[in-house]
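**Q** Numbering (this note's numbering), first residue to last: 1 to 1127.
All clues given are correct.
With a cut-off of at most 25 Å between alpha-carbon atoms, the simulated DSS-like pairs for lysine-lysine come out as follows:
id : residue 1 : residue 2
1  : K34       : K121
2  : K431      : K470
3  : K490      : K470
4  : K767      : K752
5  : K264      : K232
6  : K391      : K431
7  : K232      : K77
The following label-pair restraints were derived from C-beta to C-beta distances:
id : residue 1 : residue 2 : range
8  : K81       : V167      : 15 to 25 Å
9  : G789      : F989      : 27 to 37 Å
10 : F795      : L1070     : 49 to 59 Å
11 : T896      : Y37       : 44 to 54 Å
12 : T924      : D1075     : 42 to 52 Å
13 : F989      : G1074     : 23 to 33 Å
14 : L864      : D1075     : 54 to 64 Å
15 : L354      : L1097     : 27 to 37 Å
16 : M1105     : F989      : 11 to 21 Å
Just so you know, the hints here were simulated from the structure itself, not pulled from any lab data.
Built from N, CA and C at the ideal position, the CB exists for glycine as well.
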Amino acid sequence: MMKRFLLSAAALLTLALLSPQTSQAQYFSFGKNKVQYKNFEWSYVQSEHFDVYFTEGGEYLGKFTADAAEAAYESIKKDFKYEVNSRIALMVYKSHNDFQQTNVIGEYLDEGIGGVTELYKNRIVVPFEGNYKQFRHVIHHELVHAVVNDMIYGGSVQSAIVNNIRVQIPLWFNEGIAEYEALGWDTNADMWINDAIMNNYLPPIQYLGGYFAYRGGQSMWKFIGDKYGREKVSEIMQRLRGSRNVEFAFRGSLGLSVEELSEKWLREQKVNYWPEIALREDPNATMKKLTDHRKDGSNYNMSPAISPQGDKFAFKTNRNGFFDIYVGSTLNPQESRRLAAGQLSPNLEELKVLTPGITWSPDGRRVAVSTKAGEQDAVLLIDVATGKTEKLTFELDGIFSIDWSRDGQWIAFNGNHDYKSDIYAYNLTTKELLNLTNDVFSDSDPAFSPDGKKVYFASDRRENLNVATKSIAIRNGKFESQASTKEQFKMRLHDYSQMDLYEYSTETRTLRRLTATDFVDETSPVLSPDGQRVVFISDRNGNHNVYELTLTPSPTPVATASAGVYDSTLGFKSRAITNVITGIQQISMSYDGNKLIGVCLDYAGFDIFMLRNPLEREPRNMIATSGEIPPTTWGRKIADLRAAKLLQPSLAEAMKASAFDVKPQIDLRQSALGDGAMGITGDTAKKTAPKSPTVSVDTAKSDVVVAQPQTDTSAYKDVRLDFKNFVFDRDYSGQPAGPTDEEREAKTAPPKNNVTADGDYRVRKYKLSFSPDIVYGQAGYSAFYGAQGSAVFSFSDLLGNHQIFLSTNLQLDLRNSNYALQYLYLAERTDFGLSGFHNANFLQLTDPVGGYAIYRYRVYGGSLSASYPFDRFTRLDASAGYLEISKENLDGIYGTERTGFFYPTLTYTFDNSRPFLYSPISGTRFAMSLTGGAGPRIQFGSLLADYRTYFDFFQYYSFVIRASGGYSFGNTPQKFFIGGTENWINREFQNNQIPITDIQDFIFTTPAIPMRGFNYNARNGTNFALMNMELRFPFLQYLAVGPIPIPFYYVQGAVFLDVGSAWTGDNFKLSSVGDDGKSRLNDLLVGTGWGVRTVVLYFPVRFDMAWSYDLQGFSQPKYYISIGTDF
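Can you make the complete structure from the sequences, with help from the hints?
**A** Laid out in structure tokens, this is it:
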């Protein structure tokens, strides 16, 4: 945490002090754009502890968030034994597309990021992606981070600096506790730990990183809760708060070091999961493997869709490091090719990799893909043979799973609008769009019946079967926005914890519920060839497996006493088809029903497997009488809840009582088994719904009406807490001195007048106000400069739309000081900036009589800038400023030179490159700029261009070609010098000469680099041309050398060729003949060599060894040690 802050502060200071000459050292600033497509209008509501901000159309979500956050906070407060010291702000966006436009976080938030909590103001930013269960989970997860930030760091970066808090909480600790608090345990986490144990790659706790920091950390906290009691969570958190040491917190609470805890945790996982191997099916043995991530270098092979004929399949994969769409053969899986490259064009910015968003046309000639296409999602139709595309856009906040009807006329998909996720059907011929469900519930995974008369889908609506099918008018290829009416149904009073299957009739426009399995998700329906059976995914046994449901109701109830598998009143018979050890998801079946493909987790990566004749198959160890498969350990805990029909205050407490062997306690709306809120629903809930949305621990003022805990707790086992290694200190308070009760009350007091007369939240408009992000300074004394000090000030509004930066490096003499002030306005599509600065630099140069003297160069002025992004990849930047420059000899012998000038710049930038370790690995970068200077002594114009293209091949190998050039004209043209490399530590200048003669050279002299094999300033002039070619490849993953074992990580190799020159006017001379009569290169420079790139002490470091070539041979080698990444 502190490391990240220090790096941010350093970057802030550097950016604020940028002057024109440093901004052109790289010619251009490449990078993709963060586009604000919308100018949001913000409002907010206030609950007891939270201020929830939302955009237009998001009022329903804002109120839901306020309730969900209050419920989550009550659970966190009880587990942590901690109350926050100030109110917490949550920003809610209606979609992930809107979420990506936020200015609260400066970085681009890709589709894998479901929410963010930042530390500058301890703000939470979350998107709604159509599923209330997932939404509640994200709110709870991020709120844990916000409470931890408040508890450990004081709630802000500023507090951490002032209080000198340097503790770095490991990712496995932080993300693990967040997932454990928000979920308890779930099928997804169980799948990951199961796979890790089965394949023997689960690392010790200390080494949990990446995605395993979430799942492994969650497992570790579950182990602590199961083994030592959930009370240990608060004890560990309190000890961490007091000691600011993770190791001490565990040792003091559990009597175990992290290493000892890890050993016990790993042993327990093996005991739990090893028995599963004999009971389950290994997909490698029972199915045909269509992808192999261990061979092709991918981690994710997702969203499989088999062609109607069953001979091909389309899928999304990151085998090249980034997600693309591939088409493969089911007969010969090695014959796969890339159909469309993701993340390289506006139509394929993102591929919705976490949802099954691919479907085939009935003739197998085209596929339809749901994508992010600029401002909104789209359906992209791709010709499989030619790659030609057709884009269908609708005014929806999101488009996800998709299906093509067998008559080829309709495409069904689930789309989000405001707070609703509905099933839509679009007619490709008439351009008619229908909203089939048109309600507040979370609907997904649509699938047409073979005759097209029915649409099957998954939903959390439970018994709510009324729909309001609506035809949406199409204009100019888009449908008119639906008016957002005040929704009467309150999702906060609804049990949205499970997904069931439903059948929609296109003829009668009615719904029929097909499944009602308590505490279980049933999703991904596909239809048998005759349309009489639905094949789907269910986690009823604790794993995601394939099941089959017969659509003809049985004459008698079919539920069994063994598991209470589903609601017997529905009367549909179902059976298991698979019993995969780590589950199977995202299924697709050929039209004839003979081939079914799906995704399985296998050795820490997702691969696609094919099952033949699924409708005739019986899985291993299937129970013949019920058609079920044996439950896993996790599945038995689900079954215990289902069979007992426990009536607890919340599902979380039921889980603790029945599955976790912990005595039940009152807890509002936290779900340890699923993401949703559980409690009494239907008429009872409606009759006792609260009048006020404010949540209290002792009442049911929440989005779920809860029952009182049962007094008979004899069925629950006591937990034995092991205190044998404890040392109790009666003087230990467990926490440092915090704010007084009066101070906390002032910051956390419930807002006044926050509800209306009918008990609803009062909506208020957002008002602009600034608050500090960072205020940091230090002072000192230098024998050369005298008294000096530096400071960084950063202010912004709550939304990050208005940002003010002030940085200073003050000396006693202001002429020797650096200071800069910048204001950024980022709320609209065009970003505006206003800045002023003063820089002082000192150089030793030759004086008029041939000696050396120290000169002070001062540059000061101001500028106005604007940046307009056309899309994610292309933008136009413009700036105009007025600068003053002075050159002063510090000995006072020579007079001071001074001049001023107007300085405009216009730059076009394109960048669709894909980043890798030290440089992009594929894609293209191109930029061109026109700059100029106009003043009494300075008149010039310059044209610069830089083109780079990257070709990836094999695994992490790439070949890059770069061509750049510059041309300057006018009375005082800009000067370029060539030679050396960027940030060259052991640098050398040709003839020890810095190419600065005139006063303007200090600002505008620009290096043309890299030109390895030569010193800086090997050639200079008003024109330059440079060509670089480089082969980059993985060299070593890790290297440690002695005697001091300094580690080198991710060592990459490079072989390069640099060719270029700099010249003025027409005096370029390619080669010349020497006294020996041999031709040698003159102005043209050629250098070649090799190098390595690695990370040393968190910094990217380059080492290059290069030789120059002059037609007659190679020079002695020249060595380059430099800091930074490659072009």
